[in-house]
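Visitor: Residues per chain, in single letters:
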Amino acid sequence: MTLKIGQNTIICDSSELEGDITIGSNCVLHPFSRIIAKDGPIVIGDGNLLEANCVLINEKKGTRDSSAPMRIGNYNRFEIGSEVRSLTIGNCNVIGIKTKLERGSVLKDGIVIAPTVNVKDGVQVQNYTVMFHKPELIVNISSESQKEENKLSTTEQIDFLKNMLPKYNNIRN
Amino acid sequence: MSSPKVEFKCNCNTLRNLSGLYCCTQCSKLSCNYCCETKIDSYFCPVSLTGLSSDEVTSSLCKSNNRFQCPQCESQLVFQAITENSSQKLYLSCNYCRYRSDTAIGLTFKSMNEIHKEYLAKERLSHTGNDMESLKEYYSKISKEMLKLREFNSGKFHRLLNVINSPYKSSPRLRKKFSTGRNFSPMRSIYSNRYSQNERTKSGGSTVGNNKGEGGENKDDKFSSSLMSSKKTYGSVLPNSKKMKFNYTNLEEAIEKRKDKITNTIHKTEKIQWTDQIPKELKNKFDVTQITSLSQRFSQLATQPRKLSELSPQRIRLMNKKSKQCPHCQHTLIKPEINPNKSTFKIKKLALMIFPQIFISKIPATFQTDKQSELVISFKNPTFNEMKISDLEISSSPLSDLDQDQEQNENEKKEETTANIVVKGKEFSINGYDESAQFTDITLEEETTQETNDDPEFIQQRKLNKVYLRISITPTKSVEMLQIGLKFKVSCVLQSKFESEASVIISLGKVN
Numbered sequence: 001m002t003l004k005i006g007q008n009t010i011i012c013d014s015s016e017l018e019g020d021i022t023i024g025s026n027c028v029l030h031p032f033s034r035i036i037a038k039d040g041p042i043v044i045g046d047g048n049l050l051e052a053n054c055v056l057i058n059e060k061k062g063t064r065d066s067s068a069p070m071r072i073g074n075y076n077r078f079e080i081g082s083e084v085r086s087l088t089i090g091n092c093n094v095i096g097i098k099t100k101l102e103r104g105s106v107l108k109d110g111i112v113i114a115p116t117v118n119v120k121d122g123v124q125v126q127n128y129t130v131m132f133h134k135p136e137l138i139v140n141i142s143s144e145s146q147k148e149e150n151k152l153s154t155t156e157q158i159d160f161l162k163n164m165l166p167k168y169n170n171i172r173n
Numbered sequence: 001m002s003s004p005k006v007e008f009k010c011n012c013n014t015l016r017n018l019s020g021l022y023c024c025t026q027c028s029k030l031s032c033n034y035c036c037e038t039k040i041d042s043y044f045c046p047v048s049l050t051g052l053s054s055d056e057v058t059s060s061l062c063k064s065n066n067r068f069q070c071p072q073c074e075s076q077l078v079f080q081a082i083t084e085n086s087s088q089k090l091y092l093s094c095n096y097c098r099y100r101s102d103t104a105i106g107l108t109f110k111s112m113n114e115i116h117k118e119y120l121a122k123e124r125l126s127h128t129g130n131d132m133e134s135l136k137e138y139y140s141k142i143s144k145e146m147l148k149l150r151e152f153n154s155g156k157f158h159r160l161l162n163v164i165n166s167p168y169k170s171s172p173r174l175r176k177k178f179s180t181g182r183n184f185s186p187m188r189s190i191y192s193n194r195y196s197q198n199e200r201t202k203s204g205g206s207t208v209g210n211n212k213g214e215g216g217e218n219k220d221d222k223f224s225s226s227l228m229s230s231k232k233t234y235g236s237v238l239p240n241s242k243k244m245k246f247n248y249t250n251l252e253e254a255i256e257k258r259k260d261k262i263t264n265t266i267h268k269t270e271k272i273q274w275t276d277q278i279p280k281e282l283k284n285k286f287d288v289t290q291i292t293s294l295s296q297r298f299s300q301l302a303t304q305p306r307k308l309s310e311l312s313p314q315r316i317r318l319m320n321k322k323s324k325q326c327p328h329c330q331h332t333l334i335k336p337e338i339n340p341n342k343s344t345f346k347i348k349k350l351a352l353m354i355f356p357q358i359f360i361s362k363i364p365a366t367f368q369t370d371k372q373s374e375l376v377i378s379f380k381n382p383t384f385n386e387m388k389i390s391d392l393e394i395s396s397s398p399l400s401d402l403d404q405d406q407e408q409n410e411n412e413k414k415e416e417t418t419a420n421i422v423v424k425g426k427e428f429s430i431n432g433y434d435e436s437a438q439f440t441d442i443t444l445e446e447e448t449t450q451e452t453n454d455d456p457e458f459i460q461q462r463k464l465n466k467v468y469l470r471i472s473i474t475p476t477k478s479v480e481m482l483q484i485g486l487k488f489k490v491s492c493v494l495q496s497k498f499e500s501e502a503s504v505i506i507s508l509g510k511v512n
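Chains A and B are the protein sequences, given in the same order. Going by the UniProt record's numbering, 116 is the number at position 116 of the first sequence; the sequence numbering is gapless. Going by the UniProt record's numbering, 330 is the number at position 330 of the second sequence; the sequence numbering is gapless.
Keep in mind that the hints were calculated from the coordinates and are not lab data. Hints are supplied without guarantee of correctness; some may be wrong.
What the hints assert, rightly or not - Not close to chain A: a few residues of chain B, all C-beta gaps over 10 Å, as computed: (1) T25; (2) L318; (3) F384; (4) I459.
Said to hold, decoys possible - Here are a few chain A residues that face chain B, going by a calculated C-beta distance under 10 Å: (5) V112; (6) A114; (7) V130; (8) S143.
What the hints assert, rightly or not - Dumping the calculated DSSO-like pairs for lysine-lysine here, alpha-carbon to alpha-carbon at most 30 Å: (9) K280/B / K108/A; (10) K134/A / K122/B; (11) K324/B / K5/B; (12) K38/A / K4/A; (13) K307/B / K280/B; (14) K110/B / K147/A; (15) K307/B / K147/A; (16) K134/A / K321/B; (17) K283/B / K108/A; (18) K134/A / K307/B; (19) K120/A / K283/B; (20) K285/B / K134/A; (21) K134/A / K283/B; (22) K110/B / K151/A; (23) K108/A / K307/B; (24) K285/B / K108/A.
All C-beta atoms in this analysis are idealised placements derived from N, C-alpha and C, irrespective of residue type, glycine included.
Make the full structure from the sequences, and use the hints.
Guide: This is the structure:
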């Protein structure tokens with residue numbers, strides 16, 4: 001049970017943290033967000049945003065599954081109610097409302113996953129892709145500029161939240 | 001196995017849930033969504049919720065003026081600004097699938113009015129352009145040909161023959177010769193004509209004239225002779241008789257030619273043994289990620305593009321508000337408010353607000369043949385006044401068959417009966433809906449139930465505005481779906497006195 005938190009991160013009091021967790025600098029954790037490191041440590045980079053009711057779990061799928069650390073890069077945004085079990089996530093991604101990332105899926109950089117998409121086991125999502133329902137799953141590959149757009153939108157939101165969240169919530173010291 | 005359900009019968013003999021029916025208070029008849037007449041009241045934009053007049057609708061081709069739809073996911077597009085070479089420009093972007101008009105097709109513009117005018121000009125061209133006229137010409141040719149064939153098939157030719165033969169009907173001798181009969185069909189005569197010709201060649205040059213006297217033995221010969229003779233004598237009267245070739249062989253050829261045309265355009269489908277991996281030949285042919293889906297193609301009907309790169313943003317289509325009329329007496333059944341912000345109705349005559357709702361409250365787990373089982377049905381009164389139900393009839397055969405022909409069905413009835421049903425009573429009343437009664441004590445309710453003198457074998461219990469009926473069923477056959485038909489009269493007081501009939505079918509389940 002070790003907890004390492006970087007500079008200028010804001011963690012609300014009603015969020016749950018379990019197990020070995022390291023969080024980088026300039027992150028924001030909303031109330032009721034959960035990080036649970038059951039079968040291995042979770043390492044989160046800088047400038048990440050976890051919205052309400054979103055869950056990051058490092059849990060074995062079966063008895064045969066081996067334990068491994070979960071690594072998340074920089075400037076990712078996990079929107080409301082998203083459930084993340086994949087072990088490797090790159091930089092500058094946006095994971096939409098109520099999406100599910102199963103264990104064994106791999107995300108790279110500059111990805112947008114639209115609301116209610118289920119990324120299954122063994123799927124490797126390439127750089128700059130967009131996944132959305134219509135009503136079947138459609139995968140598009142957009143330009144490189146998407147990475148910067150995602151980074152801009154998350155950093156803007158974090159700057160706004162750093163001022164607003166401490167006024168209305170109890171914050172962990 | 002379908003679950004048990006209760007369905008009401010509409011006046012157009014279709015079975016529907018009570019929530020899908022309207023009830024006219026003037027003529028007290030039920031009508032469903034399909035048999036009532038619809039009328040469009042107003043148009044409005046579904047995004048900005050602004051109403052449009054009829055002139056505006058025609059000028060804007062039934063589409064929104066300043067809202068655009070994403071070509072990939074059909075959600076709303078947003079205007080966004082960028083600065084290029086020290087001048088501001090707008091582009092359209094989707095927040096859901098990250099579609100951008102400037103990167104996808106290079107569509108940028110200065111103002112919102114500019115792009116709207118551009119799109120209107122394009123769409124008007126597609127409505128009144130040269131393509132439409134050429135299409136019209138092409139289809140008018142086809143329709144003329146089809147009309148000719150249809151006239152020939154529908155017996156217009158046959159009627160023509162009758163008119164010609166009419167003066168000869170007065171004399172019995174000639175009537176025998178030229179009588180075509182009711183069952184005359186041109187195809188049959190052509191076939192018989194050919195048949196008789198073949199016979200004639202076999203028999204060795206015997207003419208039709210020889211057969212005239214022996215007529216009556218072979219019907220086909222008779223028809224053929226009449227046609228041949230009419231051709232001989234009255235061929236000059238028929239203007240198109242020579243042009244229209246009635247030979248069976250010619251028709252066959254024509255049909256085969258048509259078939260060839262169709263088969264050239266449409267390729268036959270072939271079955272592919274599907275494996276986990278997509279075959280390499282297909283992978284090289286198509287890039288699956290770059291092909292549009294059907295719904296994407298239908299969203300822009302004028303172009304119907306195949307590749308994703310050819311998709312372009314479209315204007316959002318307008319929605320409308322409809323009012324419905326009774327098919328029997330032309331009174332309005334339902335009418336919405338014109339203001340698009342409101343979701344209420346000016347007039348609302350639903351069957352749910354007048355007729356009693358019927359529920360199955362107790363049903364045995366399995367039905368077995370020659371075994372008595374109890375069924376409990378509840379009636380719920382939606383009105384505020386007391387409701388009376390009379391002439392209750394319950395039968396085991398569904399009512400739709402009973403109404404058609406009573407005489408025919410009397411014999412079938414005995415065969416069709418799948419269960420013996422016993423109900424002890426025909427009339428009862430249901431209390432009105434009372435909001436205050438729901439908050440009273442339970443002890444008070446018990447007192448009210450004691451006051452009524454109901455037969456406990458007919459009415460199980462009463463609760464507020466509900467009545468529970470007892471029905472005993474003994475199925476005689478093993479059927480996949482046991483059905484019960486109810487028929488009763490409803491009388492209640494709305495604004496004035498209201499009376500009507502209703503027929504209900506309850507499907508219960510499988511009989512072992």
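Visitor: Grab the minimum C-beta distance from A114/A to chain B and call the hint holds if it beats 10 Å, violated otherwise.
Guide: 6 Å, holds
Visitor: For the pair supplied as a hint, K134/A and K122/B, is the alpha-carbon distance within the 30 Å limit?
Guide: 27 Å, holds
Visitor: Is the Cα-Cα distance between K307/B and K147/A 30 Å or less?
Guide: 25 Å, holds
Visitor: For the pair we were handed, K110/B and K151/A, check the Cα-Cα distance against 30 Å.
Guide: Judged against 30 Å, a Cα distance of about 28 Å means the pair holds.
Visitor: Taking the closest pair, is the beta carbon of I459/B still more than 10 Å from chain A?
Guide: 49 Å, holds
Visitor: When you check the alpha-carbon spacing of K134/A and K321/B, does it fall within 30 Å?
Guide: 27 Å, holds
Visitor: Taking 30 Å as the top limit, are the C-alpha atoms of K38/A and K4/A close enough?
Guide: The given pair, whose Cα atoms are some 17 Å apart, holds under the 30 Å limit.
Visitor: Confirm or reject the statement that T25/B sits farther than 10 Å, beta carbon to beta carbon, from all of chain A.
Guide: 42 Å, holds
Visitor: With a cut-off of 30 Å on the C-alpha distance, tell me whether K108/A and K307/B pass.
Guide: 27 Å, holds
Visitor: Min Cβ distance, S143/A to chain B: is it shorter than 10 Å?
Guide: Check passed: Cβ of S143/A comes within 6 Å of chain B, closer than 10 Å.
Visitor: Starting from K134/A, check that the Cα of K307/B is at most 30 Å away, please.
Guide: 17 Å, holds
Visitor: Checking one constraint from the list: CA of K283/B to CA of K108/A, max 30 Å. Satisfied?
Guide: 25 Å, holds
In summary, this structure violates none of the numbered hints.
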